[in-house]
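Asks: Here the protein sequences line up with chains F and G, keeping their order.
Here full-length UniProt numbering is used: the first residue of the first sequence is 1, the next is one more, and so on.
Here full-length UniProt numbering is used: the first residue of the second sequence is 1, the next is one more, and so on.
Hints were generated in silico from the structure; no laboratory data involved.
Fair warning: there could be bad hints in the mix.
A pair holds if it fits inside one copy or across any two, identical chains being indistinguishable in the list.
[As the list claims (entries may be wrong)] With a straight-line cut-off of 25 Å between C-alpha atoms, the simulated SDA-like cross-links for lysine to any residue are:
1. K132 - A155
2. K234 - R85
3. K234 - A56
4. K234 - V198
5. K132 - L214
6. K234 - S42
7. K234 - C105
8. K234 - G59
9. K234 - D84
10. K234 - C61
11. K234 - E96
12. K206 - M18
13. K234 - E181
14. K205 - M18
15. K205 - A155
16. K234 - P93
17. K206 - Q175
18. K206 - S172
19. K234 - A103
20. K234 - F89
21. K234 - A155
22. K132 - G64
Computed from a predicted model, the values in this text were never measured in an experiment.
There are 2 protein chains.
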Amino acid sequence: MRPKIVLFGDSITEESFMEGGWGAALAHHFSRSVDVVLRGYSGYNTRWALTVVERAMEGVCPAGAVPPAAATVFFGANDASLPDRRSGFQHVPIPEYQSNLRALCTYLKERWPSTVVMLITPPPIDEDGRLKDASGDNSGLPERTNESAGAYAKACISVAEELGLPVIDVWSKMQQVPNWEKSCLRDGLHFTSHGNSVLLDEVLKKLADEGLSLDTLPPDLPLFSSIDPSDPLKSF
Amino acid sequence: MRPKIVLFGDSITEESFMEGGWGAALAHHFSRSVDVVLRGYSGYNTRWALTVVERAMEGVCPAGAVPPAAATVFFGANDASLPDRRSGFQHVPIPEYQSNLRALCTYLKERWPSTVVMLITPPPIDEDGRLKDASGDNSGLPERTNESAGAYAKACISVAEELGLPVIDVWSKMQQVPNWEKSCLRDGLHFTSHGNSVLLDEVLKKLADEGLSLDTLPPDLPLFSSIDPSDPLKSF
Numbered sequence: 001m002r003p004k005i006v007l008f009g010d011s012i013t014e015e016s017f018m019e020g021g022w023g024a025a026l027a028h029h030f031s032r033s034v035d036v037v038l039r040g041y042s043g044y045n046t047r048w049a050l051t052v053v054e055r056a057m058e059g060v061c062p063a064g065a066v067p068p069a070a071a072t073v074f075f076g077a078n079d080a081s082l083p084d085r086r087s088g089f090q091h092v093p094i095p096e097y098q099s100n101l102r103a104l105c106t107y108l109k110e111r112w113p114s115t116v117v118m119l120i121t122p123p124p125i126d127e128d129g130r131l132k133d134a135s136g137d138n139s140g141l142p143e144r145t146n147e148s149a150g151a152y153a154k155a156c157i158s159v160a161e162e163l164g165l166p167v168i169d170v171w172s173k174m175q176q177v178p179n180w181e182k183s184c185l186r187d188g189l190h191f192t193s194h195g196n197s198v199l200l201d202e203v204l205k206k207l208a209d210e211g212l213s214l215d216t217l218p219p220d221l222p223l224f225s226s227i228d229p230s231d232p233l234k235s236f
Numbered sequence: 001m002r003p004k005i006v007l008f009g010d011s012i013t014e015e016s017f018m019e020g021g022w023g024a025a026l027a028h029h030f031s032r033s034v035d036v037v038l039r040g041y042s043g044y045n046t047r048w049a050l051t052v053v054e055r056a057m058e059g060v061c062p063a064g065a066v067p068p069a070a071a072t073v074f075f076g077a078n079d080a081s082l083p084d085r086r087s088g089f090q091h092v093p094i095p096e097y098q099s100n101l102r103a104l105c106t107y108l109k110e111r112w113p114s115t116v117v118m119l120i121t122p123p124p125i126d127e128d129g130r131l132k133d134a135s136g137d138n139s140g141l142p143e144r145t146n147e148s149a150g151a152y153a154k155a156c157i158s159v160a161e162e163l164g165l166p167v168i169d170v171w172s173k174m175q176q177v178p179n180w181e182k183s184c185l186r187d188g189l190h191f192t193s194h195g196n197s198v199l200l201d202e203v204l205k206k207l208a209d210e211g212l213s214l215d216t217l218p219p220d221l222p223l224f225s226s227i228d229p230s231d232p233l234k235s236f
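Let the sequences and hints guide you as you build the complete structure.
Replies: The structure is reproduced here in structure tokens:
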């Protein structure tokens, strides 16, 4: 039976199966060995995620089935919206963000003790891109800033360390890319194809660190290359 | 609990989550309402598929879980390989292809009576593209022809009619596209982005005909657009 990898997060997870998306690329990478299960909820912060996590995970792994091999928890981009600007209703203060992340990870680990729960920090923000995306908002101020996103990224890493969980610091990693503002982000927040590939590489590395790779996860049936043309049926 | 759509087929299914792929696009289209489950097996014909179908479907829907809403059965491109050319060991004669398709569909319908089982014919073949792809084969003859693929497509449609199942005639549909040989097929057999979109459109139409669309399949939790900014938590 194939293992599962669950992607739990906000819009950057929800849209991860669009063209060039990191979720689809992960599913393609593991096309013969893993079922990638999408649980992305556009606009959600950790407060809302915590309210729905039980319903979101319903049916991912029915009673008696093998628990997921891994789950990514990728929230913070909405929590980090500034409280006094147009997305203020999505804002969650850092102490509550941390306590919500702790509760989300604890919920998943209690439900599925063997599952690798992996945190992903919010991505960096290109404020110029956010301003250009702000139709109807004439304040001239971005609703998210890179500085705020960075504080949430640090807070996320600290929860991961406290809980002993792997974490991907996509906020820092992405900012190492030349011209990351435009090459990785299409609207100052959501990923371009290149941004998606930066995250995908990190997810694959981190999964491999946890023993989950094409070397360790067998194909679910014989690969074409292993089938003997002179007697194909003996392979099955 | 989200419904599932299972994609069962050969390489054109296995690679359907690569960039621009029809499987990933289907998963994106239904990102909040359906789990798309990939069961693509590169190189497989219906004879091999029939040998493994029980193992392939293991874990898709554990006992007690809701059966899949739909399953695509997309084989024939390998069965239609000509028997006396380099891919001859993948060839399956038409009468056996039909009897295997019947058995595959019957297996799925017996396992999951409520599931919409949908057949997809093999795609057309661009023989020039196959010749250019034939490294190491100096025969000058393509291992698949469009005429043969067309005969398998007709045979597939006839099985669907006999069993009363929906069928997508991608062999005919794709040949309505100007310059289909190069615009839809990248190596004479596998799909370009445009070829993928041709199939995706047909799959979405056929699913809608069977009552499976964004209008009928609800999002699994409140959409961001339905959340009241003045009191977000009351939505959950």
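Asks: Hints the structure violates: just list their numbers, smallest first.
Replies: When the structure is compared with the hints, numbers 1, 4, 5, 10, 13, 21, 22 turn out to be violated.
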